[in-house]
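For chain Y, the structure is supplied; the task is to place chain D on it using the hints.
Chains as they are written, first to last, in the numbering used here: chain Y, -9 to 234; chain D, 29 to 282.
Derived by calculation from the structure, the hints in this document are not laboratory data. Glycine included, each C-beta is placed from N, C-alpha and C at the ideal position. All clues stand as given, with none of them false.
Keeping only pairs whose Cα atoms sit at most 30 Å apart, straight-line, the calculated BS3-like set for lysine-lysine is: (1) D:220 to Y:56; (2) Y:56 to Y:181; (3) D:258 to D:51; (4) Y:69 to Y:163; (5) Y:52 to Y:181; (6) Y:163 to D:258.
Okay, the calculated beta carbon distance ranges per label pair: (7) D:258 to Y:27: 25 to 35 Å; (8) D:101 to Y:51: 49 to 59 Å; (9) D:180 to Y:117: 52 to 62 Å; (10) D:58 to Y:106: 45 to 55 Å; (11) Y:66 to D:113: 45 to 55 Å.
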Amino acid sequence: MGVSGLLFSAPIDNPLMPYLLEEGFCIEDTSWTSPQCGFSLDYLIQKRLRSCHSSHSLQLRKATIKGVSEIGVVIWNIKERFNIQINVGSGQFSWNWLQHNTRVAGSARNGLLWGCDAKWTVLNIRDTFLSLDAQLGGWDWMDGPSTVNGMASGAHSQSLLRYWQIGGAVTQKIAMFAPYLGFAVNRTRMKVWNLPTGTGRMHARHEIGPFGGCSLSTGNRFLLNLEWRGWFEEGLSLAAHVRF
Amino acid sequence: MCLSLHLFASPQGSPASPRVLHKGFFIPSKCWVNIRGGYEGDFVFDAQMQQDQEGSGAVDQYSQTTNAGIATINLLERLDLYGVFGSSRVFAQWRFIDMAQRVRNAQMETLHHFSWGVGIRAILIQHCNWSLGLGGRYSASHNRVGWLTVDGTSAPTNSARFRWSEWEANLGVAYHIDLFTPYIAVNYLDKKAILNRLSFFVADQAAESDHFHNRRPVGMNLGCTISTGKFFFLNVEARVINEEAVSVSGEFRF
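Next up, chain Y with everything else stripped away, as it sits in the complex (with noise of 0.2 Å):
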């Protein structure tokens, strides 16, 4: 029986979000409160990790992670300069590393994705803005097939990943379009066991890069938002957010 590890991030979105969306469905743009709600597809390309103390001995290399997440999103917004948002979804995951000359490789899926996230436009000069974002969360429940040198192996291997992440970012707002970038810390942890070739447990190679996107929206009911991370993970995310 044995134990690894893997990695993850969410997406970010733009950290001006709070502030993107001026009128709802239902709820008057007086207020100084509004509920929105979303959903974000997230194709993580590739993530690069590296193997914990613990797992030193087993001499795992070159180890990635690559996969798909859909992620629904609930958001409370405040003055439109906070949002507070739960995000729950799922998705599948597939992960691979040598190991003493041995590719172990194997999937994570029927999980459950979850995550908390805080947003806030911190200043802004004209249509200038900067924006601070925090997220915390996790992946449960994953579990999937496993092979090593291309033979399966007879039990599912399971796995369980944390993360923490704090970036800041500015954006410029043209007409409907809002285009930022920024940088984010990441620091994630994951754990792999019931694998032949021993536990392990993994963590980011890289912790720090930068992110940017572009919402497109006219203000009014409905935001469009496509984003790129780079360097502490390959990603793309596209999401869409409704104000009520």
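Positioned in the frame of chain Y, the structure of chain D alone reads:
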């Protein structure tokens, strides 16, 4: 309030797409029929298939990529009849138990090959900015197998074939907000695939062929169309529950 009819498939598009574009390049807006053409890219990350007939286990991974052109005939801005013609490729991974009761791991990828589909979509009810639409689509492809491995060992695939087909029906609602038309739909999907013309075992019971079938028939589509109502629209769609997939399409009205 208006009535119409329609039918649909894999990437379903917006239930309101028959009436998203009001003006085209050549055909006058008052004409009762118009033509659209465009591109559709469909990327299925996991089709959530299971083995059927020879075996009963899950297909651990089944991804599919399709790039295609779309030709649409629009009637009265209520009904779309369309054809999709392009190329498709499939990657699949599954496990089976051999004669010695050992678990084997098989992986396969097809070459890109011609795929086609036909579909219909119609707006049933239209009220203010709301549209309720119904759709359906049939798609199929018959691919050559590029490579296949069992426990990491390459197997001969000279005459191997992989054939898939699917039909789908959906019911969705869309709401128009400025440039955007977000929508949500429920779909029913019946997807089948068969791998055959092999000379070695790839499934339980020492079978030299394997059938796949989708595990969950009912799923959900979430998407958004972006357009000013003139000449062009762009559509992005995610499919969840019975598939994990995303599609991007764009169409011009002539």
